Amino acid sequence: MATVTLTIDNVKLEVEQGTSILDAAKQIGINIPTLCYMKEINAIGACRICVVEVQGARALQAACVTPVTEGMVVKTNSAAVRASRKMTLELIQSNHPQECNTCLRNNNCELQALSEAMRLTEIRFVRPAQSHSKDDIDNSSPSIVRDPRKCILCRRCVAVCEKVQGVKCISAVNRGFETIVAPPFDQGLNDVNCAMCGQCSLVCPTGAITEVDDTGKVWRALDDPSKHVLVQTAPAVRVAIAEEFGMEPGTVSTGKLVAALRRLGFDSVMDTDFTADLTIIEEGNEFIKRVTEGGVLPMITSCSPGWIKYIEMYYPDLLAHLSTCKSPQQMFGALAKTFYAEKKAIDPASIYSVSIMPCTAKKFEAQRDELTDSGYQDVDVVLTTRELARMLREIGIDWESLPDEDYDAPMGLSTGAAVIFGATGGVMEAAVRTVYEVITKEAMPDINLTPVRGMEGIKEATLKVGDLEVKVAVAHTLGNARKLLDKIRAGEADYHFIEIMCCPGGCIGGGGQPIPTNLDIRLKRIAGTYKADEDLPIRKSHENPAITAIYEEFLGQPLGEKSHKLLHTHYVPRGVYRKPEGLPDKVPSGDHH
Amino acid sequence: MGAECKCNCDQEKKLDALFAQYKGNSNGLIVVMAAIQEVHGYLPKDFLVKTAEELGVPLSDVYGVATFYAAFSLRPRGRHCVNLCLGTACYVKGAPDVQTILEQEMGIKAGNTTEDRRFSLDLVRCLGACGIAPVLTVNGEVYPRMTAEKVNEILAKYE
Chain A
0 MATVTLTIDN VKLEVEQGTS ILDAAKQIGI NIPTLCYMKE INAIGACRIC
50 VVEVQGARAL QAACVTPVTE GMVVKTNSAA VRASRKMTLE LIQSNHPQEC
100 NTCLRNNNCE LQALSEAMRL TEIRFVRPAQ SHSKDDIDNS SPSIVRDPRK
150 CILCRRCVAV CEKVQGVKCI SAVNRGFETI VAPPFDQGLN DVNCAMCGQC
200 SLVCPTGAIT EVDDTGKVWR ALDDPSKHVL VQTAPAVRVA IAEEFGMEPG
250 TVSTGKLVAA LRRLGFDSVM DTDFTADLTI IEEGNEFIKR VTEGGVLPMI
300 TSCSPGWIKY IEMYYPDLLA HLSTCKSPQQ MFGALAKTFY AEKKAIDPAS
350 IYSVSIMPCT AKKFEAQRDE LTDSGYQDVD VVLTTRELAR MLREIGIDWE
400 SLPDEDYDAP MGLSTGAAVI FGATGGVMEA AVRTVYEVIT KEAMPDINLT
450 PVRGMEGIKE ATLKVGDLEV KVAVAHTLGN ARKLLDKIRA GEADYHFIEI
500 MCCPGGCIGG GGQPIPTNLD IRLKRIAGTY KADEDLPIRK SHENPAITAI
550 YEEFLGQPLG EKSHKLLHTH YVPRGVYRKP EGLPDKVPSG DHH
Chain B
0 MGAECKCNCD QEKKLDALFA QYKGNSNGLI VVMAAIQEVH GYLPKDFLVK
50 TAEELGVPLS DVYGVATFYA AFSLRPRGRH CVNLCLGTAC YVKGAPDVQT
100 ILEQEMGIKA GNTTEDRRFS LDLVRCLGAC GIAPVLTVNG EVYPRMTAEK
150 VNEILAKYE
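Heads up: the sequence lines are chains A and B, in that order. For the first sequence, numbering that gives the first Met the number 0 begins at 0 and goes up steadily by one. For the second sequence, numbering that gives the first Met the number 0 begins at 0 and goes up steadily by one.
By construction, these hints were calculated from the structure, which means they are not laboratory data. All values derive from a computational prediction rather than experimental measurement. Any given hint might turn out to be false.
Distance condition first, Cα-Cα at most 27 Å in a straight line; then the derived DSS-like pairs of lysine-lysine [as the list claims (entries may be wrong)]:
#1 B:K49 <-> A:K578
#2 B:K12 <-> B:K44
#3 A:K486 <-> B:K49
#4 B:K22 <-> A:K482
#5 B:K92 <-> B:K108
#6 A:K578 <-> B:K92
#7 A:K578 <-> B:K22
#8 B:K49 <-> A:K162
#9 B:K108 <-> A:K133
#10 A:K470 <-> A:K440
#11 A:K486 <-> A:K167
#12 A:K486 <-> B:K44
#13 A:K539 <-> A:K561
#14 A:K585 <-> B:K49
#15 A:K482 <-> A:K162
#16 B:K49 <-> A:K482
#17 A:K585 <-> A:K561
#18 A:K585 <-> A:K167
#19 A:K463 <-> A:K486
#20 A:K578 <-> A:K162
Derived CB-CB ranges, DEER-like [unchecked claim]:
#21 B:V137 <-> A:Q366: 49 to 55 Å
#22 A:D135 <-> B:E114: 24 to 30 Å
#23 B:K149 <-> A:R118: 57 to 63 Å
#24 A:T4 <-> B:R76: 57 to 63 Å
With the C-beta cut set under 7 Å, the calculated list includes, among others, these residues of chain B facing chain A [stated by the list, open to error]:
#25 P57
#26 S59
#27 Y62
Cβ atoms here follow ideal geometry from the backbone N, Cα and C, with glycine treated the same way.
Working from the sequences, and respecting the hints, build out all of it.
Here you go:
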């Protein structure tokens with residue numbers, strides 16, 4: 000491979016041809032500061048913070064977009080470089096509200112951190128009026144808030160929405176000081192083709208895009224003695240929340256999470272993993288039924304609400320491919336106000352059902368009109384991992400000293416198959432573990448389905464299940480989902496079963512997870528997820544005794560009448576910019592009750 | 000599409016031909032938008048949605064382009080486009096007084112169109128004719144050395 004020799008800050012080094020100055024400098028231990036740059040997603044030289052001096056060049060060069068050349072001499076620390084960076088920062092700050100103390104991103108803000116690192120001591124340029132006002136804040140979405148006052152126009156959100164998710168519901172509008180990153184036609188995010196995935200909120204360097212903060216609702220419920228407040232925790236939260244308290248990414252902290260929720264005062268702490276196991280039973284049986292009775296194939300998973308909104312908008316003609324299973328969050332919600340209420344003799348009207356999710360789209364899902372099969376809104380409020388951490392910090396939880404505690408019955412027991420729902424490929428692996436044994440009535444020789452694990456965008460595997468060759472595919476990110484869906488539309492997809500997760504890496508990389516979330520951190524959370532699976536005594540959903548019990552006591556049969564009513568749902572063809580013509584109002588079109 | 004055909008149908012056909020020519024091709028974005036602006040005098044929302052769908056360009060990008068270039072307008076334009084220069088020379092020679100009178104007579108603020116669609120009034124920066132400042136143009140026709148007194152006489156020429 001061709002290399003180039005250059006000098007950076009008097010250090011001679013050899014790097015691969017095509018390397019940017021930014022990456023080359025890393026090799027000698029210099030992290031050139033950036034605000035708009037994101038590896039492989041956004042290298043546009045827009046923020047001008049990464050400028051360096053290149054000998055012989057007319058002006059300072061943006062290190063993120065300037066490739067090294069043979070014999071290049073670079074200074075990353077000269078007076079001109081430092082002065083330019085500081086001036087740029089000062090100018091950005093001059094149009095930025097100085098309200099760090101009350102910002103959701105206080106102490107976790109790249110603009111703030113950079114101002115601190117550069118010892119910005121004053122902002123000399125004060126604009127008579129800033130470009131955007133509080134009236135421009137977009138509160139329309141149940142998932143995401145846009146505050147254009149805090150936007151530094153780095154375009155990271157636009158890049159992730161376009162290049163990772165293939166949606167691009169926001170773009171730069173207007174020009175000059177009037178520029179605003181926004182949906183078209185002054186609409187709110189709730190009115191446009193936003194999947195609510197929240198990846199934009201993960202990459203925003205400031206507080207311009209954040210999750211909707213619902214902690215106030217939960218505090219009010221916890222303070223209300225007439226409410227029975229219960230909580231469920233998603234698989235991906237337990238491998239990420241410790242990061243909010245300074246622990247290494249991927250630390251598995253299931254027991255501490257349960258203890259922390261009890262400290263907050265929840266009346267019952269149960270687990271979404273229980274309904275993840277239940278999903279496998281229902282979805283596995285639905286799959287077997289579709290294969291044996293000639294149903295629509297490939298069948299596609301339906302756990303990820305950002306993915307569901309995306310297919311409803313972009314591929315409404317393919318909705319019959321979706322499993323009719325509700326997501327584990329919504330199965331839990333429906334059972335909490337029926338099964339659990341009956342068993343505990345609690346009036347379901349007094350139950351306040353909270354879920355802790357790695358996901359901003361779950362907030363949207365909980366508010367969907369049709370997810371009210373208990374007779375109430377099945378899940379009352381959704382908190383992201385970040386919001387839960389905020390509540391715990393508020394009451395001074397010392398994470399490291401928390402004991403490990405167990406979930407409450409009857410929806411607290413789960414298996415390794417449920418834990419791996421949090422990683423891309425996990426739902427498929429969990430389903431295969433069960434479907435194999437249900438069909439063949441034999442133990443699966445190796446339950447680790449490694450070909451569907453890992454960060455590759457689209458993964459495939461073929462398995463022999465009895466007489467059947469089952470072909471499966473797994474995709475994460477909506478951009479990769481689109482590739483599979485186009486194959487289905489073209490009639491070129493001969494898969495039986497497809498798992499799709501909206502976010503990169505699956506839910507462990509969800510839009511509600513701790514910031515930062517990057518490739519390295521995603522890999523660590525995935526490793527933690529598979530470790531949690533291996534450490535659990537039961538690793539197959541159909542071997543969960545609590546699942547056997549709920550069918551015996553309450554549900555009856557998988558795909559039976561009660562399951563059909565409480566655990567399955569329908570989907571809504573939405574279209575991208577307007578309602579599609581010639582499609583039913585919902586799919587499946589019959590009443591699912 | 001719900002948009003009415005207020006112009007002649009040959010022009011609508013020209014638009015349809017452009018949509019067909021650039022189907023799935025984002026390179027045609029500016030060409031198509033310019034044609035819509037020419038046919039309708041502005042960019043009706045329905046046509047921008049159609050542009051996004053036909054060319055396969057995100058609507059947010061279409062809207063971003065529409066709001067970036069001064070040549071595009073998102074609101075209906077009047078039959079007569081009145082541009083007043085507010086460049087430095089025109090400004091010091093009294094253009095602000097002309098602006099006040101124009102806004103009074105039309106009953107609108109600059110940047111808008113009269114309810115009867117008779118006039119659109121816009122402020123521009125330096126038309127390069129500083130020797131005859133302040134300069135007013137109506138539909139491209141140049142009126143030199145404008146004063147507040149001349150405004151009514153000129154507007155009366157345009158129905």
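Consistency of the hints with the structure:
Our distance criterion of 27 Å between C-alpha atoms is met by K49 of chain B and K578 of chain A, whose separation comes to about 13 Å. With a C-alpha separation of about 19 Å, the suggested pair K12 of chain B and K44 of chain B falls inside the 27 Å cut-off, and the hint holds. Distance hint between K486 of chain A and K49 of chain B is fulfilled; the C-alpha atoms sit about 25 Å from each other, no more than 27 Å. A distance of roughly 20 Å separates the Cα atoms of K22 of chain B and K482 of chain A; the hinted pair therefore holds under the 27 Å criterion.
Between the alpha carbons of K92 of chain B and K108 of chain B the distance comes to roughly 21 Å, so the proposed pair stays at or under 27 Å and holds. A threshold of 27 Å between alpha carbons decides the hint, and for K578 of chain A with K92 of chain B the separation of about 55 Å lies outside it, so the pair is violated. Annotation: proposed proximity of K578 of chain A to K22 of chain B holds, straight-line Cα distance about 21 Å (limit 27 Å). Between K49 of chain B and K162 of chain A the CA atoms are separated by roughly 23 Å; this keeps the pair inside 27 Å, and the hint holds.
At most 27 Å may separate the alpha-carbon atoms for a hinted pair to count; K108 of chain B and K133 of chain A meet this at roughly 25 Å. Of the pairs offered as hints, the one joining K470 of chain A and K440 of chain A holds, with about 20 Å between alpha carbons and a cut-off of 27 Å not exceeded. For a cut-off of 27 Å, the pair hint linking K486 of chain A to K167 of chain A stands: about 22 Å separates their Cα positions. This hinted pair does not check out: K486 of chain A and K44 of chain B have alpha carbons roughly 32 Å apart, beyond 27 Å.
Taken as a hint, the K539 of chain A and K561 of chain A pair is honoured in the structure, with Cα atoms around 23 Å apart against an allowance of 27 Å. Taking the CA atoms of K585 of chain A and K49 of chain B, the gap is near 25 Å; set against the 27 Å cutoff, the hint holds. Restraint check for K482 of chain A and K162 of chain A: satisfied, since their Cα atoms lie roughly 13 Å apart, inside the 27 Å limit. Simply put, K49 of chain B and K482 of chain A have alpha-carbon atoms about 24 Å apart, close enough for the 27 Å limit, and the pair holds.
Of the supplied pair hints, the one linking K585 of chain A and K561 of chain A holds, its CA atoms being roughly 21 Å apart against a limit of 27 Å. The straight-line distance between the Cα atoms of K585 of chain A and K167 of chain A is roughly 26 Å, inside the 27 Å bound, and the hint therefore holds. Between K463 of chain A and K486 of chain A the CA atoms are separated by roughly 23 Å; this keeps the pair inside 27 Å, and the hint holds. Proximity of K578 of chain A to K162 of chain A is assessed by CA-CA distance (about 25 Å); at most 27 Å being required, the pair is judged to hold.
Against the hinted window of 49 to 55 Å, the Cβ-Cβ separation of V137 of chain B and Q366 of chain A comes to about 53 Å, which satisfies the hint. At roughly 28 Å, the beta carbons of D135 of chain A and E114 of chain B sit within the given window of 24 to 30 Å. The beta-carbon spacing between K149 of chain B and R118 of chain A, approximately 59 Å, falls within the hinted interval of 57 to 63 Å. Under the hint 57 to 63 Å, the C-beta atoms of T4 of chain A and R76 of chain B, about 60 Å apart, fit the expected range.
Proximity of P57 of chain B to chain A holds as hinted, the smallest CB-CB distance being about 4 Å (cut-off 7 Å). Among the interface hints, the one on S59 of chain B holds; its C-beta lies about 4 Å from the nearest C-beta in chain A, closer than the 7 Å criterion. Residue-level restraint check for Y62 of chain B holds (minimum Cβ-Cβ distance to chain A is 3 Å; threshold 7 Å).
Checked against the numbered hints above, the structure violates hints 6, 12; every other hint is satisfied.
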